[in-house]
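Q: As they're listed, the protein sequences go chains A and B. If you're matching positions, the first sequence starts at -15 in my numbering and goes up one per residue. If you're matching positions, the second sequence starts at 15 in my numbering and goes up one per residue.
Check before you lean on any hint, since a few could be wrong.
Derived lysine-lysine pairs resembling BS3-like cross-links, with alpha carbons at most 30 Å apart [what the hints assert, rightly or not]:
1) K52/B - K45/A
2) K126/B - K286/A
3) K286/A - K125/B
4) K49/A - K52/B
Calculated directly from the structure, the hints in this document are not laboratory data.
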Amino acid sequence: MAFESLQPKLLLLAAALLALFTMAAYTVYFERRISAWIQNRIGPNRVGPFGLLQPLADVLKLLFKEDIAPAAADRLLHRLAPMISVTAAVATIGVLPFAHNLILADVNIGILYILAITSLNVYGITLSGWASNSKYALLGGLRSSAQLISYEIAMGLAVLSVVVQSESLMTSQIVEAQAEIWNVLRNPLGFLIFLITAFAETNRLPFDLPEAEQELVAGYHTEYSSMKFGMFYVAEYMNVVLSSAVITTLFFGGYLVPFGHLFMSDLPAWARTGLEVLSFFGKTGFFVFVFIWVRWTIPRFKYNQLMRLGWVYLFPLAVLNLVLVALARMLF
Amino acid sequence: MLEAYLPICLLLLVALGVAALMAGISEWIGPRRPNPRKLIPYESGMDPVGTARERYSVQFYLIAMLFIVFDVEVVLLYPWAVQVVELGWPVFWAVVLFLVVVMIGDWYCYKKGVFDWDREARQPRPPSEALSQEKALPVRETVET
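Excised from the complex, chain A in its bound form (with noise of 0.2 Å):
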């Protein structure tokens, strides 16, 4: 490929990760105004207008902490694993339609791309649990990967529903399938399913027993501080984002308008455009809050009910969802 067509991809990886970044970043300020709405408090509203300023006051902080890892820790690993966890996140965002033919890559794996991603968060998460080489990151490092290999499965599972409907492990694919009716209502259980899945797999409440503060302190990233923390932080943040921007794709027409159909095809190319890419990230953003409600509504599981969910239910159910679908899809 020569290098003026890769101009366009090189412009929109620029946006693309500006846009992660900042939606990562406001989702921590959101996280925070709404829970504290949600608790009758009033929330970060200093830095700022309405404290907008908070994410960046965060990070100056952050930066200017000191940068500790214990005597006893492996420091390569303690090093390398939020590492992992950043790029593990970021790398999402390629194959991820945010408008018709705006995409960094259409690859033609795209959905397998997504989930091999994915997966490696497991890694930065265990091996900081192992390198701090304390006790609860060890645990918290444990129960995490335990949980996250757990609802892969389910999740895999449900995925792949959506393939049978789409015939397609492409994105683009996938969300063009969905012209005529979402997903979501074509295949509710595998919505349900990866809806639950994917709040194990970033570890948010009521699947946050990798840092479940009573029992853990912080659990795999209470030995990082510093910047080394955020990367954490931010990390998860991303993968909210980035989760809710998956099952946008997935189950709720990704950059499809609602009723797009009836007006779209009169409008110029650039007012499709900028109406596709609106309507994604209004439909993320919309997840990234019931994301954030749900941690500040629903209690903490346990860890047995933790494992019975994803095995004993999650998995069969998900086993039925697909052969379901694959009947429908003989049938009509």
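With chain A held as given, fit chain B onto it using these hints.
A: What follows is chain B alone, placed relative to chain A:
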């Protein structure tokens, strides 16, 4: 066809760069005033007991093994999922049969108690461990004298 992956390679490089930058800056800018107390693992303010390089519950290994087994089975279904209709009914029933076998495996693990993480907590303690009066009293006497 492989050209489509070029932006992904770029993205991976950029992602690694961003991560390295973030980790590097925190080590570079922040103050560095280490002392021995600061560098011990955090255990709620107590002096740490032993190391964290301990043995841990075998159930974690079991879950890891089951993940490999079941995830490979899920991955096997992707080529079928892309062309369900083209492959037709024989393959559909074959997949259903395959999934039934997989589910029997899951049910077997469930019955074996692999997913039962509070089994030990529910079981009554064996009588040898139970604190009986005859055993407890002599110990206390030796402590007092």
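Q: All the hints need checking, so say for each whether the structure fits it.
A: Status of each hint after checking the structure:
For the given pair, K52/B sits about 20 Å from K45/A by alpha-carbon distance, which is consistent with the 30 Å threshold. Using a Cα cut-off of 30 Å, the hinted pair K126/B and K286/A holds, with the two alpha carbons roughly 20 Å apart. At most 30 Å may separate the alpha-carbon atoms for a hinted pair to count; K286/A and K125/B meet this at roughly 20 Å. At roughly 14 Å between alpha-carbon atoms, K49/A and K52/B fall within 30 Å of each other, so this suggested pair holds.
Of the hints listed earlier, there is not a single one the structure fails to meet.
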